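*Asks:* Read off the chains here:
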Amino acid sequence: NAGVTQTPKFRVLKTGQSMTLLCAQDMNHEYMYWYRQDPGMGLRLIHYSVGEGTTAKGEVPDGYNVSRLKKQNFLLGLESAAPSQTSVYFCASTRQPQETQYFGPGTRLLVL
Amino acid sequence: KQEVTQIPAALSVPEGENLVLNCSFTDSAIYNLQWFRQDPGKGLTSLLLIQSSQREQTSGRLNASLDKSSGRSTLYIAASQPGDSATYLCAVSNTGTASKLTFGTGTRLQVTL
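If you read the protein sequences in the order shown, they are chains R and W. Heads up, the first sequence stops at 1002 in our numbering, and the numbers go up one at a time, no gaps. Heads up, the second sequence stops at 161 in our numbering, and the numbers go up one at a time, no gaps.
Chain W extracted, bound-state conformation (with noise of 0.2 Å):
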């Protein structure tokens, strides 16, 4: 059974700085790795989608890289902004499986000014 795990849990940085956050999963046999964000009360959005077959993509200031073989994936945040705030959630889509996803119980993360 696929398991996802996200640390830290919480995390709270000064504006400006570059961070990570990380994610890691117990079956290396998946279809793809997702990131999303999640604002207090609201759905989950899309940030970055890694086919297992890439290394790692990028949005803006938003890079994630993903190494199947370790089972392990990280998002890097550069230039942090308070709107960044929110609940980061990293899920996994194993193969043969419909595209269900296994989600990670994310990392909260507050940025201060």
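Just chain R, with the same shape it has in the complex (with noise of 0.2 Å):
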């Protein structure tokens, strides 16, 4: 098993650009979610999915959008880029909401 896999693992922006980060788990988990890690902020929610073919915004969710067309895939989507976003991105996913949640190793974006 590889767990929960992010695609790309580091990436540089320029404002107005666009890209898709990728979240992979082939553990069957049903509950998926993205993260963003800010210096002194803690980890923040942004979006998150119950289940295959379901998106729920969370604490964060301006500037992002999310799609979770197969159930081991969890897309997130910067339409414009700016410095703000700047962060370190988590996926992570969980099979039930009582179990732990397993994270990936992350995705550090620069938008300069």
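Just so you know, the hints here were simulated from the structure itself, not pulled from any lab data. Owing to the predicted nature of the structure, the values given are computational and were not obtained by experimental measurement. Heads up, some of the hints might be wrong.
[Unchecked claim] Subject to a maximum C-alpha distance of 25 Å in a straight line, what follows is the list of computed BS3-like cross-link-like pairs (lysine-lysine):
id	chain 1	residue 1	chain 2	residue 2
1	W	116	W	49
2	R	899	R	960
3	R	904	R	961
4	W	49	R	947
5	W	116	R	899
6	R	947	R	961
[What the hints assert, rightly or not] Not everything, but these chain R residues come out facing chain W in the computed CB check (under 8 Å):
id	residue
7	917
8	921
9	932
10	940
11	943
12	980
[As the list claims (entries may be wrong)] Label-pair distances were calculated between CB atoms; the ranges are:
id	chain 1	residue 1	chain 2	residue 2	range
13	W	131	R	955	35 to 43 Å
14	W	53	R	960	31 to 39 Å
15	R	967	W	53	41 to 49 Å
16	R	904	W	101	46 to 54 Å
17	W	126	R	998	32 to 40 Å
18	W	58	R	959	19 to 27 Å
19	R	908	W	127	46 to 54 Å
Ideal Cβ positions, reconstructed from N, Cα and C, are used throughout, including at glycine.
Take the two lone chains, each set in its own frame, and fit them into one complex as the hints suggest.
*Replies:* Below, the structure is given as structure tokens:
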């Protein structure tokens, strides 16, 4: 089992460019999440999904979109990147709400 | 809105010392509480998960306690080792929230030789 994987590991964007971050899990988990981690602010939830074909907003959803077309994949999109979106992005998944969440290794994004 | 606080923000202890990390939360209607470890530049690794009905969980040298009514949890690390150096994060999942986690800002631990 690879667990939770994230692509890419690191990316530099210019303001206004777009990109998609890919999260994949091979544990057949229903629930998937996107968080961002910024210094001094901890991890904050961007969007989440409770199953294939579903998505919902988290604490800081503005500027991001997501899709869950396949159960194993959860995509995070930035349509027009801004410097404020410079962060480390983590994906996580879990089978049921009362179980632990498994995190990917993170994607470091720098927006110039 | 749930808020999670971790004190201290940073801690340095000599090898072999026992230590306690603290976590407090404002809303006691939680599903569970988790402690994670994060090494620099890495992802999060789950250490312990305590369900709301439980008082404590143990794994090796780690023991986590939960007092839901007072909104507090502690992570006890026995006989600390340099390999324990990392940032420790506390996160709570509120009831009816699809297991969305609210994180504290972490305690950065350094264990010195």
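*Asks:* None of the hints should be skipped; say for each whether it holds.
*Replies:* Hint check results:
Note on residue 116 of chain W and residue 49 of chain W: the hinted pairing holds, with a Cα-Cα distance of about 16 Å set against a maximum of 25 Å. Taking the CA atoms of residue 899 of chain R and residue 960 of chain R, the gap is about 21 Å. The hint holds against a cut of 25 Å. Using a Cα cut-off of 25 Å, the hinted pair residue 904 of chain R and residue 961 of chain R is violated, with the two alpha carbons roughly 31 Å apart. For the suggested pair residue 49 of chain W and residue 947 of chain R, the alpha carbons sit about 15 Å apart, so the restraint of at most 25 Å is met.
Straight-line distance between C-alpha atoms of residue 116 of chain W and residue 899 of chain R comes to about 38 Å, which puts the hinted pair past the 25 Å bound. As the CA atoms of residue 947 of chain R and residue 961 of chain R are separated by approximately 18 Å, the hinted pair is consistent with the 25 Å bound. This hint is violated: residue 917 of chain R has a C-beta 13 Å from the nearest C-beta of chain W, more than the 8 Å allowed. Taking 8 Å as the C-beta cut-off, the interface hint given for residue 921 of chain R holds, the closest approach to chain W being about 6 Å.
A hinted interface residue such as residue 932 of chain R counts as satisfied when its beta carbon comes closer than 8 Å to some beta carbon of chain W; here the least separation is about 4 Å, so the hint holds. Hint status for residue 940 of chain R: holds, given a least beta-carbon distance of 5 Å to chain W, under 8 Å. Given the 8 Å rule on beta carbons, the hint for residue 943 of chain R is violated: about 15 Å separates it from the nearest Cβ of chain W. Residue-level restraint check for residue 980 of chain R holds (minimum Cβ-Cβ distance to chain W is 6 Å; threshold 8 Å).
At roughly 40 Å, the beta-carbon separation of residue 131 of chain W and residue 955 of chain R lies within the given 35 to 43 Å, and the hint holds. Checked against the given bound of 31 to 39 Å, the beta carbons of residue 53 of chain W and residue 960 of chain R, roughly 38 Å apart, stay inside it. The hinted range of 41 to 49 Å is not satisfied by residue 967 of chain R and residue 53 of chain W, whose Cβ atoms lie roughly 33 Å apart. Against the hinted window of 46 to 54 Å, the Cβ-Cβ separation of residue 904 of chain R and residue 101 of chain W comes to about 50 Å, which satisfies the hint.
Evaluation of the 32 to 40 Å hint for residue 126 of chain W and residue 998 of chain R yields a pass: the beta carbon distance comes to about 34 Å. The beta-carbon spacing between residue 58 of chain W and residue 959 of chain R, approximately 42 Å, falls outside the hinted interval of 19 to 27 Å. Range check, residue 908 of chain R to residue 127 of chain W: Cβ separation about 50 Å, and the 46 to 54 Å hint holds.
When held up to the earlier numbered hints, the structure conflicts with 3, 5, 7, 11, 15, 18 and fits the remainder.
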